[in-house]
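Chemist: Just so you know, the protein sequences line up as chains F and E, in that order. Residue 374 in the working numbering sits at position 374 of the first sequence, with consecutive numbering throughout. Residue 270 in the working numbering sits at position 270 of the second sequence, with consecutive numbering throughout.
Accuracy of the hints is not assured; some may be wrong.
Below, simulated DSS-like cross-link-like pairs (lysine-lysine); rule was C-alpha separation at most 25 angstroms, straight line [as the list claims (entries may be wrong)]:
#, chain 1, residue 1, chain 2, residue 2
1, E, K99, E, K50
2, E, K50, F, K290
3, F, K18, E, K99
4, E, K50, F, K242
5, E, K24, F, K290
6, F, K149, E, K17
7, F, K15, E, K300
8, F, K290, E, K25
9, F, K296, E, K194
10, F, K290, E, K37
11, E, K108, F, K29
12, E, K109, F, K26
13, F, K325, E, K14
14, F, K34, F, K12
15, E, K14, F, K334
16, F, K296, E, K25
17, F, K149, E, K14
18, F, K325, E, K24
19, F, K325, E, K50
20, E, K50, F, K247
21, F, K262, E, K311
22, E, K109, E, K76
23, E, K108, F, K26
24, F, K18, E, K300
25, E, K337, F, K242
26, F, K29, E, K109
Because the hints were derived from the structure by calculation, they are not lab data.
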Amino acid sequence: MADGQTNGKTPKLDKLDKGPWPSFVKEIKRAAEKNPMSKDLLGQLELSYEDKIGHWKHGGIVGVLGYGGGVIGRYSDVPEKFPNVAHFHTIRVNMPAGWFYTSDALRTLCDIWEKHGSGLTNMHGSTGDIVFLGTRTEQLEPIFSELTKEGFDLGGSGSDVRTPSACVGPARCEWACYDTLKLCYDLTMEYQDELHRPAFPYKFKFKCSGCPNDCVASVARSDMSIIGTWKDDIQVDQAAVKEYEDKGLNIQRDVCGNCPSKCMDWDGKTLEIDNRLCVRCMHCINAMPKALRPGKERGACLLLGSKAPIVEGAQLSSVLVPFMKMEPPYQELKDLCEKIWDLWCEEGKARERVGEFIQRVGLGNFLEAIEVEPSPYMIAHPRDNPYIFYEDYFEEGDEEDEDEDGDE
Amino acid sequence: MSQTERLTDIGPPKYDKYLPPIVKKNYGTWLYHEILKPGVMVHMAESGDKLYTVRCGTPRLLSIYSIRDFCDVADKYCGGHLRFTSRHNVEFLLTDESKIEPLIADVKKLGFPVGGVGNAISSIVHTQGWVHCHSAATDASGVVKNVMDALCDKFESMELPGKLRIALACCLNMCGAVHCSDIAILGIHRRPPKTNHSILNNICEIPTVVAACPTAAIRPARIDGKESVEVDEERCMFCANCFTVCPAMTLNDPLNDGVSIWVGGKVSNARHEPMFSKLAVPYIENNPPYWPEVVETVVKIVDVWAANARKFERMGEWIERIGWPRFFEMTGIEFEKYHIDDFKYAGLSYKRSAHLRF
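With these hints in hand, go ahead and build the complete structure from the sequences.
Modeler: As structure tokens, then:
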């Protein structure tokens, strides 16, 4: 088998450093000019392109003192060929909410990473962290110490609260129904211990989306999906609606015709909306942002339980609380989360996400245990199978007992 | 004393620490936005302030040198402020409209495309692949690079009927949670685990391995005098959950690993409720460095959707309107046994009515 290292040539990867889309190969090569880890990464990746298989060993537990998460151990399975990636651990650095940076802050991070690692990053990882890609075990403590000195900390990994993330929110979006950045930061700070020291059955993710467009995919990718919404009427500027029509938007066909609840009509002058039927999908607002805005009574809908397929199949989150005000100190939300964690930590199986736990015990039983009243907002429709697990039944003579109770 | 004291649990920088002054001033008081051209937006505040955004695609895997290039651009035009999006794009925030074109010219000179706004394809959310993962069934960055090379013009323009979100995960762990994308490219294993019986009991807990299997295909067994496990291969669906808890059960296999393609998912609530992506192509072999069969299939699906969908219609909404038989007919993708679900609640995906289009 060809050896990517013997001649330092990477013919297969070289084919991917051209083309209109920016090239990851170019990035690795750029880092490889100065960094031997990146050079060996390039060699090992070329070998993977030849062999059609990854060349990383299974996991490996490494970390910084006192933390159980934040570092993903990684070791090459061909260290004799590529000794500089014998260790190639990933560090997850908790990003600022909304991924806002100054050039100074980014340069500081780059300088730390230039000194102690491969010089390669992901901006950003799937959960939202800044990902430092590839370093050696002995570099972990120095990196951690320099990061914290500069005001950065590690993100989550393993069976813990994962780094919460948020959409751009009120920083630049007119549709933010609550302050996603503030909530994201607040939850991250409140749950530092849960984030850094895995003690759950499995991971638990928070994602904060300011409106039902859900730009951080919270309904699909977070156990606790916090999606901004409103209760009152959509704000309408009828003159601005007309402007959209004048500029060529076919409002009846493309706006009203696409309304999932068929709650609106356009007669060429006035947009009539039956707000009692509106499902707050955002389509009309997306199509005419200058004319329509979410209502003024704003908050969030909490949905619970989404996850990727492993172990029992993929799930979307489902409604737990149809509407909650989202204002500091967010006590109602935190109390609810802590109740869920208490139950799940007690009763959940190893590597069972909250969504799978609910499937196993039943949403009704789950609600009872966390003391949340069942509500028709939580379901697409009531059950259509008659196998009901009734919990109580009458015995002869029960009636008198009931009377006694009633008399009290 | 202070020298030995470690700082821990300080959390990330406070959420407003790096916000540009114009954002701080107009926080929460934005009125509306307009898309000026591909990749460029303006947000209007109640105060009358205007904030311009220029969005650029990145490969997600970035060297510190490219990040420093972005910093230089931000220093030159944006008072040192920039942000990233949830799909790996970098955004430059401007207050001076006249700086938009020079900024775009600089960014393009660096090799980064401007776009991804409105009815366009945005950057592909993806995972680590062979660059960094132990369970990858395909490379991530390489497939993404090839697909985006073919679709880059649709990132840089706004000619599509609606938004198009592509995502790639290199195995079923789905670190990219791709299961709700217009098009999902998913790495798959197809060979039951090769069990290393000689070391299994030394490095794994057998009850944990047995419990890890969602289909109960793994049983404790004594093999060649060693405590180990055996796999009922007919029940294996290649999820690799056993490998996750036990390195002695290898799923990675160059002969059988490859890529599957899924379509019609979305996370947004706009119009249709969020939906899972559904299987379009069960298997395409890994063919690095170009993965031409994957690229060709994705481009075909995009082209057929783009030519036939109505304004605003996402992939899944379009398919729901025309029906799956027509989707397979129009894309030329062969429908086979593997398209029919046979896991939990499979029956819910059968056609349970006579609503058929001919």
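Chemist: Hint numbers the structure violates, sorted upward?
Modeler: Checked against the structure, the hints that fail are numbers 3, 9, 19 and 25, while the rest are satisfied.
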